[in-house]
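Novice: Between the sequences and the hints, there should be enough to build the whole structure, so can you do that?
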Amino acid sequence: MADPSVGDWLAEQRTEVARRVDRFRELVPRVRSVLADAGVPAVAVKGAELAASTQPVWAMADARPMADIDLVVPRRYRAQASAALQRAGLRHDTSTTFEDVFLAWGDGTVGRTDGESAAHNGRVEVHPDWTEFLHGYVARGFDVEAHWSPDPDLPGGFRLGLAPLTANVIGHLASTVVRAEVRAVNAVDLWWCDRAGVDWDEVSVLCRSLDPRLTAPGLWLAYALLPGSVPVRLLSSEFDRLPRAARRALDAVGPEDVLRDPDARTTPSWRQAFARGTERVAVLDQMAFPTGARGLRPLMSRLPLVAVRARA
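The numbering of the sequence shown is the working numbering, which starts it at 1 and goes up by one.
No lab work stands behind these hints: they were computed from the structure.
Virtual Cβ for every residue (Gly too), placed ideally from N, Cα, C.
Hints may contain errors.
So the derived label-pair ranges between C-beta atoms look like this [unchecked claim]:
| no. | residue 1 | residue 2 | range |
| --- | --- | --- | --- |
| 1 | D240 | A88 | 38 to 48 Å |
| 2 | D22 | G277 | 39 to 49 Å |
| 3 | R244 | S209 | 16 to 26 Å |
| 4 | Q80 | L103 | 11 to 21 Å |
| 5 | G197 | A146 | 17 to 27 Å |
| 6 | D199 | P268 | 19 to 29 Å |
| 7 | V253 | E145 | 17 to 27 Å |
| 8 | E26 | R244 | 39 to 49 Å |
| 9 | D129 | P243 | 17 to 27 Å |
Specialist: Okay, structure coming up:
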């Protein structure tokens, strides 16, 4: 059962997302099976793996507001993965250098009544290697092929271990590098990874291959919202790898200041603190051409805040 400290929030989510998670819990194994049958090595990451695993990290099946399915495939299998998914009936929607998007239902323009956004309506995202394009910055993480293992429940399929899955969750706590906003739902993901018995020493090693601007803000948020979920030594090591301006930015604010909110964005000074070199141009572009923020409203009234800062 969920810890009482997050129980109210999970209970609220249960009603909103039960139908959506049912759809994804059916879709994730089906998509993974299609790729396995086609001989495409692929692993599910983030919420898809947490909510739809045979032994899910999320103990409450209808409690995670998952919006899409993220899959990682080796780059050399990208075209093969695309062909297999389209043969299985998924409609190709868009492609960029960093991902191929397919729609399992809907047309990407009409959302569901259970809170699923139009932008993520039935989306399956295939990422060649683990590469994320974040507002002008490319973050290439650990070599995922070195960390997956055969899946005994899916012949020909593969699964990430709990430590690299946790590293992936941490890396996605920050919405983007230059905006450095953070998502409360991923903080709860991290809480579940901790409860599942992840080896934090192994996670720490994996984090060293990630940009600290992806890891430190997320670890800082989880440490503040969910006491005991993040080892202080890991938080401190990632915090110390941040640029000096970014460390000052974290010291100056609390979690309630930086959680993603659909009605607000982090300040230009915050984004500049996390930007380097040409990334600052992206920040200036955002200031000149803002695109309304997306995401969850702050969950301050529902998650257990404690009066800490990253260096506590």
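Novice: Are there hints from earlier that the structure breaks, and if so, what are their numbers?
Specialist: 6, 7
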